[in-house]
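Enquirer: Based on the sequences and whatever the hints tell you, model everything.
Protein chains: 2
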Amino acid sequence: MKVIRTRSEMRRIVKEAQAAGRTVGLVPTMGFFHEGHLELMRRASECDVVVVSLFVNPTQFGEGEDLSDYPRDFERDCEMAENVGVDYIFAPEPEEMYPEGFATGITVEKMSDMMCGAFRPGHFSGVATVVAKLFNIMPADRAYFGRKDAQQLAIIKAMARDLDFDMEIIGVPTVREDDGLAMSSRNTYLDAEEREAATVLHRALESAVAMVENGERDPEVLRSVVSATIESEPLAHLEYVDICDNIYLRPTAELEGEILIALAVRIGRARLIDNVILRIE
Amino acid sequence: MKVIRTRSEMRRIVKEAQAAGRTVGLVPTMGFFHEGHLELMRRASECDVVVVSLFVNPTQFGEGEDLSDYPRDFERDCEMAENVGVDYIFAPEPEEMYPEGFATGITVEKMSDMMCGAFRPGHFSGVATVVAKLFNIMPADRAYFGRKDAQQLAIIKAMARDLDFDMEIIGVPTVREDDGLAMSSRNTYLDAEEREAATVLHRALESAVAMVENGERDPEVLRSVVSATIESEPLAHLEYVDICDNIYLRPTAELEGEILIALAVRIGRARLIDNVILRIE
Chain A
1 MKVIRTRSEM RRIVKEAQAA GRTVGLVPTM GFFHEGHLEL MRRASECDVV
51 VVSLFVNPTQ FGEGEDLSDY PRDFERDCEM AENVGVDYIF APEPEEMYPE
101 GFATGITVEK MSDMMCGAFR PGHFSGVATV VAKLFNIMPA DRAYFGRKDA
151 QQLAIIKAMA RDLDFDMEII GVPTVREDDG LAMSSRNTYL DAEEREAATV
201 LHRALESAVA MVENGERDPE VLRSVVSATI ESEPLAHLEY VDICDNIYLR
251 PTAELEGEIL IALAVRIGRA RLIDNVILRI E
Chain B
1001 MKVIRTRSEM RRIVKEAQAA GRTVGLVPTM GFFHEGHLEL MRRASECDVV
1051 VVSLFVNPTQ FGEGEDLSDY PRDFERDCEM AENVGVDYIF APEPEEMYPE
1101 GFATGITVEK MSDMMCGAFR PGHFSGVATV VAKLFNIMPA DRAYFGRKDA
1151 QQLAIIKAMA RDLDFDMEII GVPTVREDDG LAMSSRNTYL DAEEREAATV
1201 LHRALESAVA MVENGERDPE VLRSVVSATI ESEPLAHLEY VDICDNIYLR
1251 PTAELEGEIL IALAVRIGRA RLIDNVILRI E
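Chains as they are written, first to last, in this note's numbering: chain A, 1 to 281; chain B, 1001 to 1281.
Be aware that a few hints might be false.
What the hints assert, rightly or not - Some chain B residues judged to face chain A by a derived CB distance under 10 angstroms, without partners named:
1. 1043
2. 1094
3. 1095
4. 1106
As the list claims (entries may be wrong) - To be clear about the criterion: a stretch of chain A counts as covered by chain B if any three or more of its residues have a C-beta under 8 angstroms from a C-beta of chain B, and this derived list gives those stretches:
5. 104-111
6. 129-139
7. 238-245
Hint data in this document are derived by calculation from the structure and do not stem from the laboratory. Small disclaimer: the values here were computed from a predicted structure and weren't measured. Built from N, CA and C at the ideal position, the CB exists for glycine as well.
Expert: So, in structure tokens, the structure goes:
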């Protein structure tokens, strides 16, 4: 496995691989790998060459957010990536990605202002912009993103579709701890008691799934059950629970088609998100 | 020469040409060709394959602007392009470029809000977004743009640089009528008297060039001379004259390096732009 620091070298490697008839899979990450990331890398191994980008992107963090605290362990990350067969890690410095005079931003309207976007203004513009850069630096055949970040995945799919990027965007199912907590680098912010409380996210979503399986079709009923479950946990502070279609993230009055139920909860200094996707006939 | 209507076919053609080792030159246009366009196409012939896109992009026209009046003559355009050796015309319908649910926009900050941007809010976001789409649909080796649209060229270069598009952006010198008027599809809006008055744009810029050659280095002095020349023409209504660096379009207190003097003038129902680029030691 090789670590690449510059955009030009990274692009040359990807283009040369493709010119030699090899497919390239890209896994964009912010590092501090857990099983969720490793699962993305394993899925990407269906391509001939696997490239993982590791860049804690400053432009997607708001003021007062956890940019400076964001957990990092580059050596451990490299070891873990190498063990699952990654070929290249692209790890640029911020100045390599955002040289002096940088001025361009990409926004996906409507989808970016709701849910997490309402609590993190500018976040998804930072995400869409850096992902477009990564797609141009590493014009892979496929890019792999976790479904835990459902809104991010929908926005990246919209951006790639709208701007005609020639890349297949693949959403990979969330990897969970044994008690159901979705894996996240931010879980390291939780102390033992908070870690226990954090299981409430998955439990709340599971209760909604059970209700749908029993025939419930009113989004408002589901939303209030999920809210009530979260609020029953004293350490958990609900930011939102939203029910919408899983492509355009439009709020839905009727449960039909591919439905996303997504939530964000603050526990201690961690902001945790989770979701479930339902296919309803 | 072949006319292509769909993004997928256009991309396939470009990629196949490149896979066969041929270089591709792209000329994005809104059609109604004049010598300025043909000059872009001739320059693009340094590439093995020349692709011209012809798309009157609705998202770069503001309310009350001339989208519905914009001059069009597809058959004449095809004939002219074929005569200068163009291989493909990409002419999509608006629905092919902006399907239902389209929501993505690209903005180049600061550079987009001044000069023409101040008079045409949203215009350069429409331009940057459609050009990014065109670059992804036709990932050419080089793209050619006219220097008459100096602000547009600077913004497209910034967008391509910031988003890491792997394409060389080439600015081609303005082609002028015998009396100095910059060629423009919008010159067709001028009646005989207005057409005569329109020569004032080039004359005003030439007077600034002469002053710089005679040692003048104060931008404010140049600006007032250009303004006064425009205002001496009763049919001409000055929108702006701006003096700035030609990369980031930052207003400049000192005339040094590559300097852009750009202006926009309304004559009758035409809005005309022109500029000159000076290299000052």
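Enquirer: Now look at each hint and say whether the structure bears it out.
Expert: Hints, verified against the model:
1. 1043: 24 angstroms, violated
2. 1094: The hint is violated - residue 1094 of chain B has no Cβ within 10 angstroms of chain A, the shortest such distance being about 14 angstroms.
3. 1095: 14 angstroms, violated
4. 1106: 5 angstroms, holds
5. 104-111: holds (count 8)
6. 129-139: holds (count 6)
7. 238-245: violated (count 0)
Consistency with the previously given hints fails for numbers 1, 2, 3, 7, ordered from lowest to highest.
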